[in-house]
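K.L.:
Using the sequences plus the hints, can you model the full thing?
If you're matching them up, the sequences are chains A and B in order. Counting in the UniProt record's numbering, the first sequence runs from 1 upward without gaps. Counting in the UniProt record's numbering, the second sequence runs from 1 upward without gaps.
Think of the hints as simulated: they come from the structure by calculation, not from any bench. Warning: the hint list may mix true and false statements.
Note that the list lumps identical chains together, so a pair holds whenever it fits in one copy or between two copies.
Said to hold, decoys possible - Straight-line C-alpha distance at most 20 Å; calculated DMTMM-like pairs for lysine to aspartate or glutamate:
| # | residue 1 | residue 2 |
| --- | --- | --- |
| 1 | 38 | 171 |
| 2 | 38 | 121 |
| 3 | 42 | 66 |
| 4 | 80 | 180 |
| 5 | 80 | 7 |
| 6 | 42 | 121 |
| 7 | 42 | 202 |
| 8 | 80 | 121 |
| 9 | 116 | 171 |
| 10 | 145 | 129 |
| 11 | 42 | 171 |
| 12 | 38 | 180 |
Bear in mind the structure is a predicted one, so any value in this text is a computation, not a measurement.
There are 2 protein chains.
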Amino acid sequence: MSRALHDLANGTLFGVALNYQGLLNQRIAEFEQAPYQKPPVKPVLFIKTPNTRNSHDGVVLHPHGERLQPGPALGVVIGKSASRVSVESALEHVAGYTIVNEFSLPEDSYYRPAVKAKCRDGFCALGPELVPHDQVANPHQLDLKLFVNGELRQQNSTTNFVRGIPQLIAEISEFMTLHEGDVLITGTPEGRVDVQPGDTVEVEISGLGRLVNHIVAE
Amino acid sequence: MSRALHDLANGTLFGVALNYQGLLNQRIAEFEQAPYQKPPVKPVLFIKTPNTRNSHDGVVLHPHGERLQPGPALGVVIGKSASRVSVESALEHVAGYTIVNEFSLPEDSYYRPAVKAKCRDGFCALGPELVPHDQVANPHQLDLKLFVNGELRQQNSTTNFVRGIPQLIAEISEFMTLHEGDVLITGTPEGRVDVQPGDTVEVEISGLGRLVNHIVAE
Numbered sequence: 001m002s003r004a005l006h007d008l009a010n011g012t013l014f015g016v017a018l019n020y021q022g023l024l025n026q027r028i029a030e031f032e033q034a035p036y037q038k039p040p041v042k043p044v045l046f047i048k049t050p051n052t053r054n055s056h057d058g059v060v061l062h063p064h065g066e067r068l069q070p071g072p073a074l075g076v077v078i079g080k081s082a083s084r085v086s087v088e089s090a091l092e093h094v095a096g097y098t099i100v101n102e103f104s105l106p107e108d109s110y111y112r113p114a115v116k117a118k119c120r121d122g123f124c125a126l127g128p129e130l131v132p133h134d135q136v137a138n139p140h141q142l143d144l145k146l147f148v149n150g151e152l153r154q155q156n157s158t159t160n161f162v163r164g165i166p167q168l169i170a171e172i173s174e175f176m177t178l179h180e181g182d183v184l185i186t187g188t189p190e191g192r193v194d195v196q197p198g199d200t201v202e203v204e205i206s207g208l209g210r211l212v213n214h215i216v217a218e
Numbered sequence: 001m002s003r004a005l006h007d008l009a010n011g012t013l014f015g016v017a018l019n020y021q022g023l024l025n026q027r028i029a030e031f032e033q034a035p036y037q038k039p040p041v042k043p044v045l046f047i048k049t050p051n052t053r054n055s056h057d058g059v060v061l062h063p064h065g066e067r068l069q070p071g072p073a074l075g076v077v078i079g080k081s082a083s084r085v086s087v088e089s090a091l092e093h094v095a096g097y098t099i100v101n102e103f104s105l106p107e108d109s110y111y112r113p114a115v116k117a118k119c120r121d122g123f124c125a126l127g128p129e130l131v132p133h134d135q136v137a138n139p140h141q142l143d144l145k146l147f148v149n150g151e152l153r154q155q156n157s158t159t160n161f162v163r164g165i166p167q168l169i170a171e172i173s174e175f176m177t178l179h180e181g182d183v184l185i186t187g188t189p190e191g192r193v194d195v196q197p198g199d200t201v202e203v204e205i206s207g208l209g210r211l212v213n214h215i216v217a218e
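P.N.:
Right, here's the structure in full:
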């Protein structure tokens with residue numbers, strides 16, 4: 001991880017589930033059943049704990065007897081504390097952007113991701129760089145690609161966010177303070193794939209570079 | 001918060017849901033319905049993010065238009081990194097114990113506590129002291145009491161844990177490393193009560209003292 005990224009993205013890692021329209025559409029039927037009976041009305045959050053931090057070129061352990069899925073995502077690094085900020089002023093609280101690969105065990109229910117599926121050691125790679133906010137023309141118009149062993153396996157665009165970055169920051173900061181160094185992981189699109197020991201996994205986001213990780217048997 | 005507690009309990013705050021037998025029994029019927037159809041087989045974890053940290057004598061804001069419930073709990077402070085430790089050696093990784101008041105908005109579903117209900121600013125008070133492991137005769141035989149404005153409102157004992165401390169450490173460290181300074185919040189018993197602005201809330205655990213907090217309107 002570059003020095004700037006390490007210094008500037010050292011806070012809490014907040015994941016946002018179900019933030020791609022295609023993924024939400026796939027799940028609508030499930031939400032209409034018990035116990036929820038309606039789709040989520042607010043962002044569904046989860047935490048990647050500090051033990052999950054990993055970096056560009058880092059190794060990710062494939063847990064024995066489990067399935068492992070990479071989670072390509074745009075990371076938004078907070079630059080200035082945000083408490084109850086408006087949608088209009090939310091982007092003033094952003095330092096910049098980075099690539100996140102938010103590894104998970106697949107889960108049947110998307111409603112509230114389980115700590116056990118999300119928080120194994122090394123399950124959240126960030127990097128390679130922090131690109132400052134003013135160097136990204138439009139964070140809601142970035143192509144996001146996942147390659148496994150050089151082959152394109154997942155592709156989407158941040159134009160398909162359910163909630164854009166200002167709305168996420170406004171809705172989350174309504175009930176909790178976001179601090180400098182916190183990272184919002186803005187969601188992984190539908191179509192997650194399984195990876196195996198020996199695979200090389202790369203996430204590319206336009207203008208942010210490519211984040212590489214290596215899957216190794218536990 | 002005492003200096004020792006501040007220095008020694010500065011890591012991730014892991015909550016364990018449903019760890020009192022009486023609470024689990026109340027919820028069994030719910031788990032047998034969709035989508036889960038069985039009670040949880042592993043500890044149900046949640047995270048109290050760093051913005052929730054609060055201390056002895058600290059103010060807790062009562063969110064406007066919501067219900068607020070204190071969550072008396074025994075806190076176990078990790079003293080030495082734990083990765084895949086056995087039940088037998090788990091207690092070697094414990095530095096000591098403290099009182100936790102894990103405030104929440106009440107939730108309909110206990111299965112996976114929502115970040116929004118658990119992680120408002122100041123929603124996790126710790127203190128007043130860290131009592132070293134060797135000064136607590138038996139952490140599975142402690143009385144736990146909640147007082148609101150001096151009146152006893154909730155009472156239980158750590159003898160009623162679903163999972164004891166060694167089992168929690170062993171099962172959690174199976175998939176994630178617990179680090180020095182991390183805190184396991186071992187669960188809140190059944191019978192949570194609502195508190196109101198103006199209330200003084202105290203949690204007493206035998207041998208660990210009394211943790212006092214003040215509820216103030218937002």
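K.L.:
Decide, hint by hint, whether the structure agrees.
P.N.:
Evaluated hints:
For the identical chains of this complex, residue 38 and residue 171 are intra-copy neighbours only, at 19 Å inside a copy versus 33 Å across copies, given an alpha-carbon limit of 20 Å. When the C-alpha separation of residue 38 and residue 121 is checked against a cutoff of 20 Å, the pair qualifies neither within a copy, at 33 Å, nor between copies, at 28 Å. Taking the closest pair of Cα atoms, residue 42 and residue 66 come within 20 Å of each other only across two copies (16 Å); inside a single copy the shortest separation is 31 Å, beyond that limit. For the identical chains of this complex, residue 80 and residue 180 are intra-copy neighbours only, at 5 Å inside a copy versus 28 Å across copies, given an alpha-carbon limit of 20 Å.
In this homomeric assembly, residue 80 and residue 7 come within 20 Å of each other (Cα to Cα) only inside a single copy, at 14 Å, whereas the closest approach across copies is 25 Å. When the C-alpha separation of residue 42 and residue 121 is checked against a cutoff of 20 Å, the pair qualifies only between copies, where the shortest distance is 18 Å, while the shortest distance within a copy is 28 Å. Taking the shortest Cα distances, residue 42 and residue 202 never come within 20 Å of each other, neither inside one copy (30 Å) nor across copies (32 Å). With identical chains, the CA atoms of residue 80 and residue 121 are at most 20 Å apart between copies only, with a shortest distance of 16 Å across copies and 28 Å within one.
Taking the shortest alpha-carbon separations for residue 116 and residue 171, only the inter-copy value of 10 Å comes in at or below 20 Å, while the best intra-copy value is 26 Å. Proximity of residue 145 and residue 129 under a CA criterion of 20 Å is satisfied intra-copy only: 17 Å inside one chain copy versus 49 Å between copies. Taking identical chains as interchangeable, the C-alpha atoms of residue 42 and residue 171 lie at most 20 Å apart only when both belong to the same chain, with a minimum of 8 Å there against 32 Å between chains. In the homo-oligomer, the alpha carbons of residue 38 and residue 180 never lie at most 20 Å apart, since the shortest distance is 34 Å inside one protomer and 41 Å across protomers.
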